[in-house]
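As a plain string of letters, each chain reads:
2 protein chains.
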Amino acid sequence: MTSSEFMTEEGTGIIGSNAGRSRSHNRRVVLEFVRAHEPAGRAEIARSCGLSIQAVSNIIDTLQGEGLLRTVGHRAGMRGKPALQYQFNPDGAFAVGVEIRPDAMVCALLNLTGKRIFSRRKKLKDASPEKAVPAVTKLIAAAIEASGRDRKNLLGTGIVMPGPFGESGLSYSGAAVLSGWENINIKEEFEKALACPVIIENDATAAAVSERLAGTASEMNSFCFIYFGTGLGLGVIAGGHSQRGALGNAGEIGHIITEANGLPCPCGNFGCLETYASRMGAFAFLEKAGVNMDEGATLASLLEAQHPAMLEWIEGAAQHLSQAIGMVENLFDPETVILGGAMADVVIDALIEKLDLPKGSVANRPARNFPRVMRGSSGRLTAAIGGAAMIIHRTITPTVTVFH
Amino acid sequence: MTSSEFMTEEGTGIIGSNAGRSRSHNRRVVLEFVRAHEPAGRAEIARSCGLSIQAVSNIIDTLQGEGLLRTVGHRAGMRGKPALQYQFNPDGAFAVGVEIRPDAMVCALLNLTGKRIFSRRKKLKDASPEKAVPAVTKLIAAAIEASGRDRKNLLGTGIVMPGPFGESGLSYSGAAVLSGWENINIKEEFEKALACPVIIENDATAAAVSERLAGTASEMNSFCFIYFGTGLGLGVIAGGHSQRGALGNAGEIGHIITEANGLPCPCGNFGCLETYASRMGAFAFLEKAGVNMDEGATLASLLEAQHPAMLEWIEGAAQHLSQAIGMVENLFDPETVILGGAMADVVIDALIEKLDLPKGSVANRPARNFPRVMRGSSGRLTAAIGGAAMIIHRTITPTVTVFH
DNA sequence: ATTTTTTACTCAACTAACTTGAATTAAATA
DNA sequence: TATTTAATTCAAGTTAGTTGAGTAAAAAAT
Numbered sequence: 007m008t009s010s011e012f013m014t015e016e017g018t019g020i021i022g023s024n025a026g027r028s029r030s031h032n033r034r035v036v037l038e039f040v041r042a043h044e045p046a047g048r049a050e051i052a053r054s055c056g057l058s059i060q061a062v063s064n065i066i067d068t069l070q071g072e073g074l075l076r077t078v079g080h081r082a083g084m085r086g087k088p089a090l091q092y093q094f095n096p097d098g099a100f101a102v103g104v105e106i107r108p109d110a111m112v113c114a115l116l117n118l119t120g121k122r123i124f125s126r127r128k129k130l131k132d133a134s135p136e137k138a139v140p141a142v143t144k145l146i147a148a149a150i151e152a153s154g155r156d157r158k159n160l161l162g163t164g165i166v167m168p169g170p171f172g173e174s175g176l177s178y179s180g181a182a183v184l185s186g187w188e189n190i191n192i193k194e195e196f197e198k199a200l201a202c203p204v205i206i207e208n209d210a211t212a213a214a215v216s217e218r219l220a221g222t223a224s225e226m227n228s229f230c231f232i233y234f235g236t237g238l239g240l241g242v243i244a245g246g247h248s249q250r251g252a253l254g255n256a257g258e259i260g261h262i263i264t265e266a267n268g269l270p271c272p273c274g275n276f277g278c279l280e281t282y283a284s285r286m287g288a289f290a291f292l293e294k295a296g297v298n299m300d301e302g303a304t305l306a307s308l309l310e311a312q313h314p315a316m317l318e319w320i321e322g323a324a325q326h327l328s329q330a331i332g333m334v335e336n337l338f339d340p341e342t343v344i345l346g347g348a349m350a351d352v353v354i355d356a357l358i359e360k361l362d363l364p365k366g367s368v369a370n371r372p373a374r375n376f377p378r379v380m381r382g383s384s385g386r387l388t389a390a391i392g393g394a395a396m397i398i399h400r401t402i403t404p405t406v407t408v409f410h
Numbered sequence: 007m008t009s010s011e012f013m014t015e016e017g018t019g020i021i022g023s024n025a026g027r028s029r030s031h032n033r034r035v036v037l038e039f040v041r042a043h044e045p046a047g048r049a050e051i052a053r054s055c056g057l058s059i060q061a062v063s064n065i066i067d068t069l070q071g072e073g074l075l076r077t078v079g080h081r082a083g084m085r086g087k088p089a090l091q092y093q094f095n096p097d098g099a100f101a102v103g104v105e106i107r108p109d110a111m112v113c114a115l116l117n118l119t120g121k122r123i124f125s126r127r128k129k130l131k132d133a134s135p136e137k138a139v140p141a142v143t144k145l146i147a148a149a150i151e152a153s154g155r156d157r158k159n160l161l162g163t164g165i166v167m168p169g170p171f172g173e174s175g176l177s178y179s180g181a182a183v184l185s186g187w188e189n190i191n192i193k194e195e196f197e198k199a200l201a202c203p204v205i206i207e208n209d210a211t212a213a214a215v216s217e218r219l220a221g222t223a224s225e226m227n228s229f230c231f232i233y234f235g236t237g238l239g240l241g242v243i244a245g246g247h248s249q250r251g252a253l254g255n256a257g258e259i260g261h262i263i264t265e266a267n268g269l270p271c272p273c274g275n276f277g278c279l280e281t282y283a284s285r286m287g288a289f290a291f292l293e294k295a296g297v298n299m300d301e302g303a304t305l306a307s308l309l310e311a312q313h314p315a316m317l318e319w320i321e322g323a324a325q326h327l328s329q330a331i332g333m334v335e336n337l338f339d340p341e342t343v344i345l346g347g348a349m350a351d352v353v354i355d356a357l358i359e360k361l362d363l364p365k366g367s368v369a370n371r372p373a374r375n376f377p378r379v380m381r382g383s384s385g386r387l388t389a390a391i392g393g394a395a396m397i398i399h400r401t402i403t404p405t406v407t408v409f410h
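First to last, the protein sequences are chains C and P. All the letters of the first sequence, read from the start, carry residue numbers 7 to 410 under this note's numbering. All the letters of the second sequence, read from the start, carry residue numbers 7 to 410 under this note's numbering.
Hints were generated in silico from the structure; no laboratory data involved. Treat the hints with caution; some may be incorrect.
To be verified - Among the chain P residues that face chain C by a calculated CB cut under 7 Å, a handful are: (1) Ile-20; (2) Ile-21; (3) Asn-255; (4) Ala-256.
As the list claims (entries may be wrong) - Lysine-lysine pairs mimicking DSS-like chemistry, simulated, CA-CA at most 30 Å apart: (5) P:Lys-365 / C:Lys-193; (6) P:Lys-129 / P:Lys-193; (7) P:Lys-365 / C:Lys-294; (8) C:Lys-365 / P:Lys-294; (9) C:Lys-193 / C:Lys-158.
Claimed, not checked - Label pairs and their computed distance ranges (CB to CB): (10) C:Arg-53 / P:Thr-68: 47 to 55 Å; (11) C:Gln-60 / P:Ile-190: 39 to 47 Å; (12) P:Ala-303 / C:Pro-270: 36 to 44 Å; (13) C:Leu-184 / P:Ala-199: 57 to 65 Å; (14) C:Ala-373 / P:Arg-81: 40 to 48 Å; (15) P:Ile-59 / C:Ser-224: 42 to 50 Å; (16) P:Ser-63 / C:Gln-60: 29 to 37 Å; (17) P:Lys-137 / C:Pro-270: 51 to 59 Å; (18) P:Ile-59 / C:Glu-151: 45 to 53 Å; (19) P:Glu-359 / C:Gly-296: 43 to 51 Å; (20) C:Gln-70 / P:Pro-372: 48 to 56 Å; (21) P:Pro-377 / C:Asp-132: 36 to 44 Å; (22) P:Ala-147 / C:Gly-79: 54 to 62 Å.
In this text, all values refer to a predicted model and were calculated from it rather than measured experimentally. No residue lacks a Cβ here, since even glycine has one placed at the ideal position from N, Cα and C.
All chains should be modelled from the sequences, with the hints used to inform the complete structure.
Next up, the structure:
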């Protein structure tokens, strides 16, 4: 397998199709079907994908030759010749994800099925591009080495950084924002340093993609992910694809106003959701309530100790979150809203427990396949895993129409 | 030209590509390019669409043969052989749009360039499916007859009805809601009656598509449209395609809460945006202020007379709208937010004038191609025109991946 | 004024990838 | 044991895009 087989053509605007692009699209269509329905036989895939059995057969031969798919016995119990079943070959390829924060980097390796095969965290003294790019390069090299994988099976690297990217009115400075990255082409820098395809994405979108690849949303084509980072982000998957907006800054849910004339926010507004329902908001609330967080206490430990201030924060945050979730439901009509990110599971569960979702919502329908709100499944490595998931997602998920 | 050339394949999930589907995709790619850049020559199209000149040449020959494209002389002033320029042939095809309201139907015919070639409004005594479907059928037949068009050039019909569709917590009854349509397959009913392809869509989405086809947003791939109907709707175009959510109910912006514990809304919540910033909201406000609307006064006439209550309503509505627009900007990161629909232009302009948009928004960036908020361009026929625009949009805009 | 360069476009041969139909295999059912 | 059903393969056929040579026409250079 050469990595060029996965090269995504890039360009401005929508491009036409030809034999080669059809093949590349069909490879992804087959892979996407197998991801969602494995194990599956050739005839079954052909029927579902609108292709002839012969076409699917040829594609599967190739994919198997490349080590991406493998057989898992025959399907029994049905009439007719039993179908040879295929599934992902977990070791056929892998992807790297890196989360860059102002103070640290987290690196995770995922195999083709989205399972974590390695992860490592490293402090970052200087998060400027000049220092961070080489540091990330070194970290990845060490991670691949330690994982025992062959670099030729590397599909690419997904870099997760806090947005918003480019020029925007939210470029205030705060703990969550990286400085020095404003005027460089981040993707190009990393592609040069890493010599592999690179995707740059924000944490919330990466987390959403990760949930779809191998998490809570593996069967959904349309859902939203509320990401608890330092601030708060929203990742949106619609029609199986992440939605990034005109300039890649969609999903800035943290600065939605949920209380008119509420708490002041560094962004200049008052009453932003983020000032209530985020880790940052929690710390500010607890500090104001006189809780000393320096002695090793965490949000999770405070919650487990049923600390009154923590319970009070949960209550208030849940109220603001409920409002925001209602909004998201009415605007995006998702199959579900997933809560996750850099927040302990117990805290998220407590928040979900306390939610009081609006009745007047398109989501408040009797027949639902999933609850209105669910918890994410990838825990604290979510962002780094999400980065790698983006790469695998791009390898698998079909898109003929390419946008800028 | 046979209408089967435009038949969209439908199915569940993503389908593979083959020669025929490639051709169909490439036809759309060429048409979409010409729409956005007309007039254009073959070589120029080929370069931009990632196809060979020969492929584009063959497609253009076909499109010209079908009457969809026509030549408009040669491009002069450049070196080399002057390129033959192509543009849409306005009369090559047309589409019908129908807006169905509880008390009336509006029908509009658009030519291929999105220009209105005919429109007619008719009262509807009984908006039940049994009565309305035949009434619409008759109206369309009369409209086609009166426009002098040949039915064989009809691309299809777009029916615009107030959502939300299907089961949802917003199925309260109110003036804007049609009853009796809950448990029938609306698309099938109309396709049977009209014997042409049919799209069912809500007013906001249809209006958004219309703005992109031949309006304020003709060069945008990502924008939002806030539609003033009886209530309030949001149409979202992202990546050139309308976003409808998991069940087609995305964009219910009317029931976003912009004032905690505010005015009661029929949906069960308090403080919904719709109770302030919608026609319904305006009438309620004015009635409460003692303004008698029965004597032929309209929102526009009150505004022109600088009626204090009207000015007060504008002020309040603009405040709530500003909040909602800020939200929409932060969540979708659109190129612009367009305001339009069944509200007089002067009123919309007054609202825009009074907006106080949040500073903390990803949209508040110095370098913008468009203002943060703009007014829509299709006026009171917006919804019906939008229906027809949906059909033309589908004919033109490429999508290989087909979703359910 | 003539030649060169540049660009658009057409014709004909070529190729990649999907489709079709016949043949083969293997399990369940009659 | 024969029949039916379904999966898969083989080989030929089809569609549509690509490639390369050749023509046409305008601008720029000589």
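Against the structure, the hints:
Of the supplied interface hints, the one on Ile-20 of chain P holds, with its beta-carbon coming within about 5 Å of a beta-carbon of chain C, less than 7 Å. Taking 7 Å as the C-beta contact cut-off toward chain C, the hint placing Ile-21 of chain P at the interface holds, the least distance being around 4 Å. Among the interface hints, the one on Asn-255 of chain P holds; its C-beta lies about 4 Å from the nearest C-beta in chain C, closer than the 7 Å criterion. At a threshold of 7 Å, the smallest CB-CB gap from Ala-256 of chain P to chain C is about 4 Å, leaving the interface hint in force.
Taking the CA atoms of Lys-365 of chain P and Lys-193 of chain C, the gap is about 29 Å. The hint holds against a cut of 30 Å. At most 30 Å may separate the alpha-carbon atoms for a hinted pair to count; Lys-129 of chain P and Lys-193 of chain P meet this at roughly 22 Å. Taken as a hint, the Lys-365 of chain P and Lys-294 of chain C pair is honoured in the structure, with Cα atoms around 27 Å apart against an allowance of 30 Å. Simply put, Lys-365 of chain C and Lys-294 of chain P have alpha-carbon atoms about 27 Å apart, close enough for the 30 Å limit, and the pair holds.
Taken as a hint, the Lys-193 of chain C and Lys-158 of chain C pair is honoured in the structure, with Cα atoms around 20 Å apart against an allowance of 30 Å. The given range of 47 to 55 Å is broken by Arg-53 of chain C and Thr-68 of chain P, whose C-beta atoms sit roughly 31 Å from each other. The beta-carbon spacing between Gln-60 of chain C and Ile-190 of chain P, approximately 41 Å, falls within the hinted interval of 39 to 47 Å. Under the hint 36 to 44 Å, the C-beta atoms of Ala-303 of chain P and Pro-270 of chain C, about 43 Å apart, fit the expected range.
Under the hint 57 to 65 Å, the C-beta atoms of Leu-184 of chain C and Ala-199 of chain P, about 59 Å apart, fit the expected range. Here the CB-CB span from Ala-373 of chain C to Arg-81 of chain P is close to 57 Å, at odds with the stated 40 to 48 Å. A beta carbon spacing of about 44 Å between Ile-59 of chain P and Ser-224 of chain C agrees with the range 42 to 50 Å that was offered as a hint. Under the hint 29 to 37 Å, the C-beta atoms of Ser-63 of chain P and Gln-60 of chain C, about 31 Å apart, fit the expected range.
Between Lys-137 of chain P and Pro-270 of chain C the C-beta distance comes to about 57 Å, which sits within the given range of 51 to 59 Å. Range check, Ile-59 of chain P to Glu-151 of chain C: Cβ separation about 49 Å, and the 45 to 53 Å hint holds. At roughly 47 Å, the beta-carbon separation of Glu-359 of chain P and Gly-296 of chain C lies within the given 43 to 51 Å, and the hint holds. The hinted window of 48 to 56 Å between Gln-70 of chain C and Pro-372 of chain P holds, with their beta carbons roughly 53 Å apart.
The hinted window of 36 to 44 Å between Pro-377 of chain P and Asp-132 of chain C holds, with their beta carbons roughly 40 Å apart. Judged by the Cβ atoms, the range 54 to 62 Å given for Ala-147 of chain P and Gly-79 of chain C holds: they are separated by roughly 60 Å.
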